[in-house]
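Make the full structure from the sequences, and use the hints.
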Amino acid sequence: MNNQISRRTFLRSALASGAVAAGAVLAGCSGSSDTSEGTGSSDAITKVTLVSSGNGLPYSLLGSDGSWTGIDADIWEQIKSDTGIELTVKQAEFSAMFGELDAGRANLVANCLAVKPERTEKYLASNPYYGDAQGVAVAPDNTTINTFDDLAGKTCGVTSGQASETIARQMAEDLGFTITTYEESNAGMSDLLLGRIDAMFTTDTVVYQFNDANSVTCRILDERTASNNVAYFFPKTDEGQRYCDFVNAEIDKMLDDGRMSQIITEWMHSDMTTLINHDED
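In terms of mature numbering (1 follows the signal peptide of the UniProt record, and there is no 0), the sequence shown is residues -27 to -1, 1 to 254.
There's no promise every hint is true.
[Said to hold, decoys possible] Think about it this way: if two alpha-carbon atoms lie no more than 25 Å apart in a straight line, the pair counts; the simulated DSS-like pairs of lysine-lysine are:
no., residue 1, residue 2
1, 63, 209
2, 20, 226
3, 89, 209
[To be verified] Pairwise CB distance ranges, derived in the manner of DEER restraints:
no., residue 1, residue 2, range
4, 209, 117, 43 to 49 Å
5, 222, 114, 24 to 30 Å
6, 221, 160, 32 to 38 Å
For the record, the hints were derived by calculation from the structure and aren't laboratory data.
Keep in mind the model is a prediction, meaning the values are calculated, not measured.
Ideal Cβ placement from N, Cα and C applies to all residues, glycine included.
Put into structure tokens, the structure is as follows:
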């Protein structure tokens, strides 16, 4: 399974974007006469506000012109088409996305986020829409790190808030390596290439994206850490559950009819819906 992914490369390069004004509206055509705005007054949901960091492909990229591209953008375009909802997309820094949810300024967080205990303890997770593999990357010319044991005494990078950070901190206690934390994965990958860190804990897709954008071949160790489900997150409230149920129905429909597979394969160049871990459902 992991070997299938590790031999794929991205055809799309990472893009930089300016900030999008909070509250930029991507409105779908509503075919419903119901006037509920999703505040608990009706079972029908006609308006959805989501928040995303929108800082990079293949996941979510919000442009200064109001455009939205990536996996989540394509999924929500399908949901708009199917349901007629009016969709508002807000942008926030990665570290501030859940703050928007806590403050009631968004109904869900959409950023191709991993399902992990730190999140599910506080928030509702939707049904997963794909699975992503976790691993350890090293620079192209690194021939000394080939297994986890080789990380002893080394410096390893992690991205703050990512599932790979949790994995790395658990392993660091046993293997004896130090950790450097980055706010953005590409910053860590750049330091890896420059020799400022010895290895980077991240997802396969981050490595492929970085390699393609920079014409390099950072290597992923054959020894793997884990694979994780990817989902949307909602408040643990009755209202949050209502939105979660609405989205789950749409995710399941798209998984069943093959549209989800098409979207994920287009961006990942591998059908990562097959990596969904149903034991975590």
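Worksheet item: Within a Cα-Cα threshold of 25 Å, do residue 20 and residue 226 meet the stated pairing?
Response: Holds, at about 20 Å.
Worksheet item: Using the C-beta atoms of residue 221 and residue 160, is the stated range 32 to 38 Å upheld?
Response: holds (34 Å)
Worksheet entry | Distance restraint evaluation - residue 222, residue 114, Cβ atoms, bounds 24 to 30 Å | violated (49 Å)
Discussion item. I want to verify a distance hint. Is the separation of the beta carbons of residue 209 and residue 117 within 43 to 49 Å?
Written reply: Given range 43 to 49 Å: holds, Cβ gap about 46 Å.
Worksheet item: Would the pair residue 89 and residue 209 pass a check requiring their Cα atoms to be no farther apart than 25 Å?
Response: Holds, at about 15 Å.
Worksheet item: Can the restraint linking residue 63 and residue 209 be considered satisfied, given a maximum Cα separation of 25 Å?
Response: Roughly 20 Å separates the two Cα atoms, so the pair holds.
In summary, the structure is inconsistent with hint 5 from the numbered list given earlier, while agreeing with all the others.
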